[in-house]
Amino acid sequence: MEGTFKKGRLIGLLLLLLLAFLLDISIGSIKIPLGEVFRILFSFRSDNTTWQFIVEKIRIPKACTAVLAGCGLSVSGLQMQTLFRNPLADPSVLGVTAGANLGVATIMLAGGGTATLFAIKELGFSGSWLITGASCTGAAGIMLLVLILSGRLNSNVMMLIIGIMIGSITLSAVSVWQYLSAPELVKDYLLWTFGSLGGVTGSQLLILSLVVVTGLVIAFISSKMLDALLLGENYARSMGLTTKRARVIIICSTSLLAGGITAFCGPIGFIGIAVPHIARSLCNTSSHRILIPACCLAGSVLMLLCDVAAQLPGFQTVLPINIITALIGAPLVIWIILHKNNLRAFG
Amino acid sequence: MSSDLTLLETRDLQTGYLSGSRKTVITAGPLGLEIQAGQLICLLGPNGAGKSTLLRTLAGLQPSLKGSVEIEGESTKRLTPAQLAKKVSLVLTDRIASSNLTVYSLVALGRYPYSSWLGILNEADKAAIQWAISMAGIESLVHRKVHTLSDGESQKVMLARALSQDTPILMLDEPTAHLDLPSRIQLMRLLHRLARQTRKGILLSTHELDLALQVAGEVWLLQSGGQLYRGAPEDLVLNGVFEAAFVKEGIVYDKAAGAFIIHSGNTIPITLSGEGAAAFWTQRALQRQGFVVNMQGESSYSVHVSEAYGSISWRLEGGGQTQIYDSIGALLKVLRFREK
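Protein chains in written order, with the numbering used here: chain A, 4 to 350; chain B, 853 to 1192.
Incorrect hints may appear among the rest.
[As the list claims (entries may be wrong)] No farther apart than 30 Å at their CA atoms in a straight line, the calculated lysine-lysine pairs in the DSS-like style are these:
#, chain 1, residue 1, chain 2, residue 2
1, B, K918, B, K938
2, B, K997, A, K10
3, B, K939, A, K247
[Said to hold, decoys possible] What follows is a list of derived Cβ distance ranges for each label pair:
#, chain 1, residue 1, chain 2, residue 2, range
4, A, N157, B, N899, 20 to 26 Å
5, A, N157, B, G900, 20 to 26 Å
6, A, K10, B, S986, 27 to 33 Å
7, A, T217, B, G900, 57 to 63 Å
8, A, T245, B, G884, 28 to 34 Å
[Said to hold, decoys possible] Selected chain A positions facing chain B (in silico; Cβ < 10 Å):
#, residue
9, S158
10, S178
11, G235
12, R240
13, R283
Since the hints were made in silico from the structure, they are not lab data.
Backbone N, C-alpha and C fix where the C-beta goes; we use that ideal spot for every residue, glycine too.
Turn these sequences into a full structure, and let the hints steer you where they fit.
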């Protein structure tokens, strides 16, 4: 009976996801009626070729990116909260997002700035690929460092502290760089840190989805380990879990998810903290076999709604996604705390 | 030495931990220990003697510094964590802080070593969980959330989780800490019954000396220096090991009374006569007041306890006066005054 109830909520979330997806495609600087969106989606044809172009080339990739980012960030947030038994943990605690920041800062603020950028562009790279590549490299570098350290350490608490320290070092390196750079370059970098779901199209979207799906599959495989870790490392080990191996698997998955998404969309905050709490209170369970899909659904819905809100209906401007996620995410978490009262003892 | 019933055996075991970079701190050893099927063993010792370290080493959570631990004939070093989890289950002092976890899910986690890669439970798993729940007597708690449990309930739930892990050996690290007296007695009684009925070897560390002496088939007394005395609790009391162990800690253990002497250094003699519970409790009150209580002979003061028609009276003689009191409290009040 309890099972069907949970399934009911998951199906409800799935319907909500479809609705949010359509809404996200329909709303923008040019509003496209929902009926037309349907027609373009299912018959790939429209009388209005401009609308068709917008939907196919801009809105669908953007909505897909939102779904991928929503899934990935929420699931890696859930993993971090369970691994570190800390309700405030999110994908950034391991310093992977800071690594992506460093990569991007390196490219954008590099000495001579635009000149180097121009030179590299001449070699046949497009600007966005370059930034993505740099950001991936940065994230992967930090991820390797964290993985090597995690194999040596005996406790997850130490891992948490070291992850946060690595993140701080990396970010302060970026700050030093910013301080010493020309204001125009800093502005470019700052714009990147606002995050954007828009720039990911074509082959980039393909790569992002490959990375995110791989990360999610690993996360789902690790769900039994995460369940055991709910009781803490000692109990987990007494039940037969090899804690170091589990930690490496979980960190691998989180790094792929958080690193990949930050590389393509910029740092997107708050989804990683907020959605796991939403999923827990919706499903009322601690089983990661259910929480991981629930996080995917809730994360996608929230991300799509944030993107809709970012369009500011009635205005031509689009607000950066990073601002909206905190604006919507923070009140949601506060509401959950006040109404559900189940963050008191975390899990 | 070992028989079919020996579940765990150690050879020249030395326990301890790495402190700092490579310095080893030896807490106990070398030890030759044994756990038999159906045996309830209490591990006693002062704080910091290394009880938890020994327990963790025996359970394979922590490597030994020297020597070996063999469980059912196999060295724990050669067992994988998954194999070990089918041999030893644990109840630790770690707190579970997880809001959405129900008691049932927590007990079900004990099936971790047996369930599929996704953690899906089959009928055998469910039967084991049900058995563990009824053994621990927590049927009424199964739908509760773990964080709403009291300390006593929580300890029983953790015991049920360990039982559902279905291992020949069960180890508990200070399971009676934070519990009130009835819960402590209930838990000890339950463990005693479990050892008999399920033929599990149960090892628990505790500070509950009185309870341990009553339920344990064997006591391991670990001292701060790392020596360990083992034997039937009564033997350890009679051959003076207990007394010697506690003298080291500056506490006197009265072999005859089976209790610790808290009030030492009494000087004023008093004679007590009377029988039964009333005399026993009067003696305790007088000792607390600073008197050396003699049951025979003459002292400057004497108290006679008598019981008639369901009421008790105390007659105090001394200093040329005789008075009768109707409660120990009234008697002590006068004695306090006379002392000065």
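Violated hints - listed by number, lowest first: 7, 9 and 10
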